[in-house]
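Undergrad: These are the residues of each chain, in order.
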Amino acid sequence: MSALVEVRDLARVFDVSAPWLNRLVERKPRQFVHAVDGVSFAIERGRTLALVGESGCGKSTVARLLVGLHAPSRGEVHFDGQRIDSMAAGAALRALRRRMQMIFQDPYASLNPRWRVLDIVAEPLREHGLVQGAAAQAARVGELLRSVGLAEADAQKFPHQFSGGQRQRISIARALATEPEFLVCDEPTSALDVSVQAQVLNIMKDLQKARGLTYLFISHNLAVVRHVSDEVGVMYLGRLVEQAPKAALFSQPRHPYTRMLLDAIPDIGMSGRARTPVQGEVPNPLDPPRGCAFHPRCPHANERCSRERPALATFQGIRVACHAVEEGRIR
Amino acid sequence: MATTPAPAPPVSAAATPLLEVRHLRVEFPTRRGTLLAIDDVSFSIAPGEILGVVGESGAGKSLTGAAIIGLLEPPGRIAGGEILLEGRRIDDLPYEQMRRLRGRRIGAIFQDPLTSLNPLYTIGRQLTETIQTHLDVDAAEARRRAIGLLQATGIPAAEQRIDQYPHQFSGGMRQRVVIALALAAEPRLIVADEPTTALDVSIQAQIIALLKRLAREHGASVMLVTHDMGVIAETCDRVAVMYAGRIVEVGPVHDVIHAPAHPYTAGLMGSIPAMDGERERLAQIEGAMPRLNAIPPGCAYHPRCPHVEPRCRAERPELMDAGATHAACWRVAAVAPAREGTA
Numbered sequence: 290m291s292a293l294v295e296v297r298d299l300a301r302v303f304d305v306s307a308p309w310l311n312r313l314v315e316r317k318p319r320q321f322v323h324a325v326d327g328v329s330f331a332i333e334r335g336r337t338l339a340l341v342g343e344s345g346c347g348k349s350t351v352a353r354l355l356v357g358l359h360a361p362s363r364g365e366v367h368f369d370g371q372r373i374d375s376m377a378a379g380a381a382l383r384a385l386r387r388r389m390q391m392i393f394q395d396p397y398a399s400l401n402p403r404w405r406v407l408d409i410v411a412e413p414l415r416e417h418g419l420v421q422g423a424a425a426q427a428a429r430v431g432e433l434l435r436s437v438g439l440a441e442a443d444a445q446k447f448p449h450q451f452s453g454g455q456r457q458r459i460s461i462a463r464a465l466a467t468e469p470e471f472l473v474c475d476e477p478t479s480a481l482d483v484s485v486q487a488q489v490l491n492i493m494k495d496l497q498k499a500r501g502l503t504y505l506f507i508s509h510n511l512a513v514v515r516h517v518s519d520e521v522g523v524m525y526l527g528r529l530v531e532q533a534p535k536a537a538l539f540s541q542p543r544h545p546y547t548r549m550l551l552d553a554i555p556d557i558g559m560s561g562r563a564r565t566p567v568q569g570e571v572p573n574p575l576d577p578p579r580g581c582a583f584h585p586r587c588p589h590a591n592e593r594c595s596r597e598r599p600a601l602a603t604f605q606g607i608r609v610a611c612h613a614v615e616e617g618r619i620r
Numbered sequence: 342m343a344t345t346p347a348p349a350p351p352v353s354a355a356a357t358p359l360l361e362v363r364h365l366r367v368e369f370p371t372r373r374g375t376l377l378a379i380d381d382v383s384f385s386i387a388p389g390e391i392l393g394v395v396g397e398s399g400a401g402k403s404l405t406g407a408a409i410i411g412l413l414e415p416p417g418r419i420a421g422g423e424i425l426l427e428g429r430r431i432d433d434l435p436y437e438q439m440r441r442l443r444g445r446r447i448g449a450i451f452q453d454p455l456t457s458l459n460p461l462y463t464i465g466r467q468l469t470e471t472i473q474t475h476l477d478v479d480a481a482e483a484r485r486r487a488i489g490l491l492q493a494t495g496i497p498a499a500e501q502r503i504d505q506y507p508h509q510f511s512g513g514m515r516q517r518v519v520i521a522l523a524l525a526a527e528p529r530l531i532v533a534d535e536p537t538t539a540l541d542v543s544i545q546a547q548i549i550a551l552l553k554r555l556a557r558e559h560g561a562s563v564m565l566v567t568h569d570m571g572v573i574a575e576t577c578d579r580v581a582v583m584y585a586g587r588i589v590e591v592g593p594v595h596d597v598i599h600a601p602a603h604p605y606t607a608g609l610m611g612s613i614p615a616m617d618g619e620r621e622r623l624a625q626i627e628g629a630m631p632r633l634n635a636i637p638p639g640c641a642y643h644p645r646c647p648h649v650e651p652r653c654r655a656e657r658p659e660l661m662d663a664g665a666t667h668a669a670c671w672r673v674a675a676v677a678p679a680r681e682g683t684a
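Line by line, the protein sequences are chains C and Z. Start counting the first sequence at 290; every next residue gets the next number (the working numbering). Start counting the second sequence at 342; every next residue gets the next number (the working numbering).
These aren't lab readings, by the way, just hints derived from the structure by calculation. Model, not experiment: these values are computed from the prediction. We put the beta carbon where it would ideally sit given N, CA and C, even for glycine. Do not take every clue at face value.
According to the in silico footprint, chain Z covers these stretches of chain C (three or more CB under 8 Å from chain Z) [unchecked claim]:
(1) 352-363
(2) 487-495
(3) 506-519
Pulled out of the complex, with its shape left as it was, chain C reads as follows (with noise of 0.2 Å):
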């Protein structure tokens, strides 16, 4: 097996300085947000990576940075053995994108309000010129629709007469038009109910079975990630702090924020159960402590982890960026 996508060492930059008189009248400094640093992974063909972490951790700017919405500040990235981050606009990296799709977190944002969803829906298809004359592009989007469970006559509506689990339906729809082989998924059932969480979720393994496709799926919610996913990295301040296939970081997680993360969860299976109450919040991106970035939360900090930032290390399998497990003063 080979992997379909891969990145190394990807950091992304945002520069959210004052403008310039302010920083000249009030003195303040440059400042910038270190939204990714320094990220590796890959991702086999036919399996679901899942970044989990909390607000301001870095995993949507990966999405984003995947699909060449962000240009990386550092890195690369790389789709099926070639290097796309630094690929000039042309035919091939045309051809490239057309085999990478992504589904946005809103679906009441990512549909076009004035367009029927025929429109929406045909719209990468026109862009690639993939269909040629309105009677073969009708035929493909009434069969992408089908394959979502939606009906074919749905292609006159527009947006608003569906639901929100209909219109996330419709953006897998539109992602699948040019069947691609990767999916980025940016938190794409968070906005919805569970009961149209689970047909989502449910569309998306069907269609990774039906059609081999490889997903990044990014969310927060842990419970969903378990069921998605077969290898999951957990993102703390732009870094990947652990990164497991699924069981082993579910039943034995290595690092502290990833055992804090679990722990927080409340479980419907646990009725009456107390659980550990976790201390702390997400420090400030744009002043993040030095050393590793977790230890002022972290109940096994010592004083190498506020001066020394750990680098990701495999044991058994399974990367842990800390020094507490390094060392093993934890297990």
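Please arrange chain Z on chain C, whose structure you already have, making use of the hints.
TA: Same frame as chain C, but now just chain Z:
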């Protein structure tokens, strides 16, 4: 501050429930006719009890909360039924009396902690103003109490932070301030509408634990409105499940989660990805909740229900005794002796 130990979750209304809602109807007059958003909802909350209200968007759970605290957005209005707090009707109070009651007897916590706070006032001013509005204390005492409340909600360095503005607090800290505000006048009832939805999971756990502890310490009852079953499971004594403006099932939290009687509750539980055990596919409920202008006749859930019978299409079930819980479903009537009952 009476620290009464939490009573065992009562199945039916105890001698004097703190809050009693009887046959509540909320409607929205529109140009195309009147929409019935809450249709004959009855429930009660015992002193010290935490009642969870769950349901999907549009089920009417937030509207029920808004009706109780008297903050229905016009043109929404209470069209029928009664709301009683400690045995006294509060739904027909004049605006000014309701305003005094709100804050003093009923505290409210909303989803978005930023919009619940005035950005132009320090949090200390907002807290002392609330305290002095409802309690007869001088400014120094009010400030002392405000600092005490901030400390109780786990805000570090409360003496300094009391003079800061809302924007200087993070999301989780703001929600702590909102909880402190809701508790300021030691209300008997707290209506919390999705208090953790805008927060990250690690913060969510802290806020839930805090809410639960403070409710117990102050002996206050809580009506917790949320769509998150996990939060309900960890916090509540009893839970009411709402669908299309009606309560479809109500009962002790453990029974509703582990042995639901209503097919909708069962479907809802099956559709939640579980943290324990693997499921290849999630149970899914086909379709979506009906819109208010197209509520089906009979049981509103019948078009999506896997157990639908002819009777479900024609006749609307009321809440019936279903053993541990009460459920509005004809299947329950078939197995249990049909006994009318409100929870």
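Undergrad: Under 8 Å between beta-carbons, do enough residues of the segment 506-519 of chain C, three at least, approach chain Z for the coverage claim to hold?
TA: holds (count 7)
Undergrad: Taking 8 Å as the Cβ threshold, is the statement that the segment 487-495 of chain C is covered by chain Z upheld or broken by the three-residue rule?
TA: Three-residue rule met by the segment 487-495 of chain C, so holds; n is 5.
Undergrad: Three or more residues of the segment 352-363 of chain C near chain Z by CB distance under 8 Å?
TA: Check failed, 0 qualifying residues.
Consistency note: the structure conflicts with earlier hint 1 alone.
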